[in-house]
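**Q** What follows is each chain in one-letter form.
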Amino acid sequence: MSSPTSSGPGSSGPVAAVERVVETHGGSLARVAMLAVFAFLWVPIAVLVFMSFAAGGVLSFPPEELTLRWYVEFLGNDTAIDAIVTTLQVSVPTTVITVVLATLIAYAVDRYVFPGRNALQLLATLPIVVPLVVTGIALVLFFGLIRPLIVVNGYPAVVIAHVIRTIPFATLVIIPTFLTFDRGLEEASKDLGADELQTFLRVTLPNVFPGIVAGGLLAFTLSFNEFVFTYFVKDSATTTLPVYIWNQIRYNVTPEVNVISVVFLLVAVTLVLVAVSLTRVDLLARN
Amino acid sequence: MGTETEARTPSGSSTRLTELVDFFRTRPRLKKFAIAGPPYGVLVAFFALPLLAMLVISFQEGQINGPWTLSNYTDFLGSATYLTVVWRTFLVTVQVTVLVTVVGYTLAYSIVRFSRRTTLLLLLVILPFWTSYIIRMYAWINILQSGGVLDSTLQLVGLPAVGLLYTQPAVMIGFTYVWLPLAVLPFYASLTNMDADLIEAAKDLGAGPIKTFFTVTLPMTKNGVITGVILVFIPTFGSFITPRLLGGTNNIMIGMVIENQFKSAFNWPFGAAIGIVISAVVVALLVAGARSGGNLFGGGERDRS
Chain U
17 MSSPTSSGPG
27 SSGPVAAVER
37 VVETHGGSLA
47 RVAMLAVFAF
57 LWVPIAVLVF
67 MSFAAGGVLS
77 FPPEELTLRW
87 YVEFLGNDTA
97 IDAIVTTLQV
107 SVPTTVITVV
117 LATLIAYAVD
127 RYVFPGRNAL
137 QLLATLPIVV
147 PLVVTGIALV
157 LFFGLIRPLI
167 VVNGYPAVVI
177 AHVIRTIPFA
187 TLVIIPTFLT
197 FDRGLEEASK
207 DLGADELQTF
217 LRVTLPNVFP
227 GIVAGGLLAF
237 TLSFNEFVFT
247 YFVKDSATTT
257 LPVYIWNQIR
267 YNVTPEVNVI
277 SVVFLLVAVT
287 LVLVAVSLTR
297 VDLLARN
Chain D
1392 MGTETEARTP
1402 SGSSTRLTEL
1412 VDFFRTRPRL
1422 KKFAIAGPPY
1432 GVLVAFFALP
1442 LLAMLVISFQ
1452 EGQINGPWTL
1462 SNYTDFLGSA
1472 TYLTVVWRTF
1482 LVTVQVTVLV
1492 TVVGYTLAYS
1502 IVRFSRRTTL
1512 LLLLVILPFW
1522 TSYIIRMYAW
1532 INILQSGGVL
1542 DSTLQLVGLP
1552 AVGLLYTQPA
1562 VMIGFTYVWL
1572 PLAVLPFYAS
1582 LTNMDADLIE
1592 AAKDLGAGPI
1602 KTFFTVTLPM
1612 TKNGVITGVI
1622 LVFIPTFGSF
1632 ITPRLLGGTN
1642 NIMIGMVIEN
1652 QFKSAFNWPF
1662 GAAIGIVISA
1672 VVVALLVAGA
1682 RSGGNLFGGG
1692 ERDRS
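If you read the protein sequences in the order shown, they are chains U and D. The numbering used here numbers the first residue of the first sequence as 17 and each following residue consecutively. The numbering used here numbers the first residue of the second sequence as 1392 and each following residue consecutively.
The hints are simulated quantities; they were obtained by calculation from the structure and are not laboratory data. A couple of the hints might just be wrong.
[Claimed, not checked] Reference listing, derived: stretches of chain U covered by chain D, where coverage requires no fewer than 3 residues with Cβ under 8 Å from a Cβ of chain D:
1) 38 to 52
2) 58 to 67
3) 137 to 150
4) 178 to 184
5) 208 to 219
6) 279 to 293
All values reported here derive from a predicted model rather than from experimental measurement. Backbone N, C-alpha and C define an ideal beta-carbon position, used for all residues, glycine too.
Throw the hints in and build the complete structure from the sequences for me.
**A** Rendered as structure tokens:
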């Protein structure tokens, strides 16, 4: 990384030539690079969408003819539909629980000084830092360990795991909306005679709501896609869509997987577009 | 947002809620507890305690509540086979991290400096990230398998097929693909947050674009770079999906060993011990990275002035 910088002002022969090339063609080089990376990011998705219409199925490319057959087959496949229903049964409660908890964290961190405030923020962020497989097995072991006291398995275990997975992301999106909210508005509301509850419901909440919805949408999308935690924690009855696909890919690939991919893509595109319209894209990047 | 005036309107049905609010207002400590308590409880109960449980169980023999032992650790750390897997995992992870950082930073830099439609381009970057990880791996299986999309395309232009699936390059491609969007976001955020006037200043003082990049832009965005590196390094080190689906049996990574202990061998304490070891490695590297990261770029800048 540091080698180009170490060439001091004295050695300006070839370095200066390269500098001139970058100076004059920098924009074009950047556009070529962008094009290449965007192709890398989108060609695989285009291939999936394209293959979902291919009559021959997975192995034939380019396909000989196009068909909706796999879509029809997918709609008639009860196991796949069950997997989607199961996924929603996990994702929706996960999103609600995560949004409530993340909002409480954001509110507490923004408003109060209390012992353990930093620890709370750290705890809410750490699940990103610990490798997924480690947290996943830790949850399995923990549920195993407490089994003599209380049985947590299958569906509740999966929801709990998803909440832990999604809290950091929702919190990271929701906290900035609290921090940037102008608290003078609350003061004004109280000066005008509103009580604390009215102020919260009519002033605070409408202002932070877009951030909360964005956090919720991201939590939902994460939960909808979540595999590692689910894979370790689930019982055989709780097969979510990513787990179903994992089994399909590993044991008997059918072209139907392409169709499911398109479903995933549509869900993701819709939700992310809504989330982005409610918040700034780069908020998702804050740490 | 103009809601101040509406706030006066009495909301009749919420008297009981008002009572509740009044109850907490007169008890500020209880109120803090009511707000911070639930998330605290959930995170401690289902994140901190499970990690603690994993540590405890890693010292048990063969099963949960088995006799106490160090053998899980000695078996793991004393085995050349396992250590080779850890080393290979580390090498792959470093290569992936470098690749993603270079490609991702180039992309973020190009978007920030040379494009006006930044929101659209950023959307194009993050959308693939929000489709299922498994699906994205499956897309690459389609492309890389022998006779797949890549091979068909190569043959169309008269080149020999390569059949990349189940090779190390396939694993690298898969990882780069899934982590690129994740890394671009912090790179992008730090590039947009940096003061663009500094770049102008460097140019006015006679620095070319490359020199400006390495003495001004890169040091100014080092926090974003470190964040991106962390976000790529950790999940790669612990991954089992990508090496299993794209790497086959020749490219085993340590995450696969853990998965195997839980899903096939059913030696949970041994799997827990490996989990503890790789967590320790990750934490150590994070601490080292955060420290040397500061010197690597910040120190270089100071030398020059």
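**Q** Against each hint, give a clear statement of whether it holds in the structure.
**A** We went through each hint and held it up to the structure:
As drawn, the segment 38 to 52 of chain U meets chain D at 8 residues by the rule of a beta-carbon pair under 8 Å; at three or more, the given contact holds. With 7 residues bearing a CB less than 8 Å from a CB of chain D, the segment 58 to 67 of chain U meets the requirement of three and the coverage assertion stands. For the segment 137 to 150 of chain U, the proposed coverage by chain D is satisfied: 11 residues have a C-beta within less than 8 Å of a C-beta in that chain, meeting the threshold of three. With a threshold of 8 Å between beta carbons, the proposed coverage of the segment 178 to 184 of chain U by chain D holds, since 3 of its residues qualify and at least three are required.
Counting residues of the segment 208 to 219 of chain U whose C-beta lies closer than 8 Å to any C-beta of chain D gives 11; at least three are required, and the coverage claim holds. Interface restraint, the segment 279 to 293 of chain U with chain D: holds (8 residues with C-beta to C-beta distance below 8 Å; minimum three).
Consistency with the previously given hints is maintained throughout, with no hint failing.
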